[in-house]
Amino acid sequence: MTNVANKVIYNVGDLYENSLHDGDNMEHDVRQFDGENTGDTGEIIKKLSFLNTKEGLQQCMDDADFYLDIVSTYVEDNVLNDMQTCYLGNDWAGYRVKVHALKSSSAYIGAEELRAKAKRMEDAAKQEDVEYINMNHHPLVAMYEDILRNIAAVLPKRINFEGSSPIKQFTISVVDDSRLNRQVVEEVLSSTYNIKEAASGQEFFQQLEEGFLPDLVLLDVHMPRETGHDIIGKLKDDERYAHIPVVFMTHDNDLSTELQGFKEGAVDFITKPLNPSLLLARINRILDLYYLQSKLQEEVQIRTQAIVEKTQQMTVMFEQIIQALANTIDAKDKYTKGHSDRVAKYSVMIGSQLGYTEMQLMHLKYAALLHDIGKIGVPDGIINKTGPLTDEEFEIIKTHPVIGGDILKTITSVEDIYNGAMYHHEHYDGTGYPKGLAGKEIPEMARIINVADSYDAMTSRRSYRDRLEQHVVRGEIARGLDTQFDPIIGSLMLQIIDEDTEFTLHE
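Everything in the sequence shown is counted per the numbering used here, starting at -8 for the first residue and increasing by one.
For the record, the hints were derived by calculation from the structure and aren't laboratory data. A couple of the hints might just be wrong.
Stated by the list, open to error - Dumping the calculated DSBU-like pairs for lysine-lysine here, alpha-carbon to alpha-carbon at most 30 Å:
hint, residue 1, residue 2
1, Lys94, Lys117
2, Lys254, Lys187
3, Lys389, Lys400
4, Lys323, Lys400
5, Lys94, Lys45
6, Lys328, Lys187
7, Lys336, Lys323
8, Lys117, Lys38
9, Lys37, Lys117
10, Lys376, Lys426
11, Lys254, Lys301
12, Lys94, Lys108
13, Lys426, Lys336
Note that this is a predicted model, so its numbers are computed, not measured.
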């Protein structure tokens, strides 16, 4: 029987401390060997006795350091995952490319037997000989993993572990009261997988409580005390173990047993007496798919997190740009510092009363911050004039909504940001500018900003007056309902004023 300890495969980063080898006490050698520090490349190469190092050195012009670098890269750039993905997806063209790469790279380092196996698999993939590939894929992978593990044990200092692909060997739990059945599973699967046996449900759950977590459970249906149905029920009810695939083993061959098992969460059934070839083929396929799904789920989580983080970064940057623009606008008018921020604040308060979603409130905030961006196109002398404006100067002031609309019209990702700048001086009765829109013709966000803008104008100091008292401001807004202001939105502003009993909402 194959020594199971020799088949334990770890992530490449763990191999230095955990590699076990037959016969030559390699574990002791590895811990005594300080690869890079010895400077004796000849001694290092001797430890690669499982390779034809003579052939490998010839491939590297007899440059020992060059050869060791190539061997290290062989581990870092392994194609295990790519081979597995192509194999599971029946992508024989892609599979051929990957085993061709394995063949070539194995020749470079002197892994002659693996190179020969890869060559035969390349030919099979070219001919789409699926039967041959299915029979030989897992032995090829097992040999490949052994070489990767052994190299990593000898060259831990040279290998960039973080960049290496993971090497994974699955562990299977066999739960069966029959010692004979457990022995058959051990004989058939131990050359490819780690096997842990349990003679009862009690023993199995004790192993779980001690920290053992299998990748798959082979579960006998009929056992004393606890049946397979009892055991799978407990597994699926525990969130720690519910994800583990379970394959039932049974002498039963009736449809009702299979249906019951699938309802309970089993992924497959294997009929006793166990057929070694069928057992190996089914377990290979189930675990290959399980591993691929796990990798896909992990990749989805990684990519989703990356998208979330990127979106958050872009949102922060967008807000900073808008805030910078708002500050630029306010800096142009020395009498209205902070005007855009306050209008945005009051607009969001109104939007909240209207039941806006978080996204709608964010868009409203952006639109309010940039509602006066068109003043960039108005001369400073007019904006900061202390006396009354002439008719000509007022006509120039009235152009700032159009200028603002032209500036913002290309920003289509934020709803209504254009409308806020373009229409915030429209009046509900149609007497505003620049279009003379009336009622619901005026976009709702512009109607909100109109009220908030007017409120801040009255509660801020101007060159020609101090800020108005709260009761005066309230009276002006009340009188403007149905004329300058949307009556519903204006009434919400009145509620906000009434709730501000200390008159904190001002410049």
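Each hint, compared with the structure:
no.	hint	result
1	Lys94 / Lys117	14 Å, holds
2	Lys254 / Lys187	26 Å, holds
3	Lys389 / Lys400	18 Å, holds
4	Lys323 / Lys400	22 Å, holds
5	Lys94 / Lys45	18 Å, holds
6	Lys328 / Lys187	73 Å, violated
7	Lys336 / Lys323	20 Å, holds
8	Lys117 / Lys38	36 Å, violated
9	Lys37 / Lys117	37 Å, violated
10	Lys376 / Lys426	26 Å, holds
11	Lys254 / Lys301	41 Å, violated
12	Lys94 / Lys108	8 Å, holds
13	Lys426 / Lys336	26 Å, holds
Comparing the model with each numbered hint stated earlier shows that hints 6, 8, 9 and 11 do not hold.
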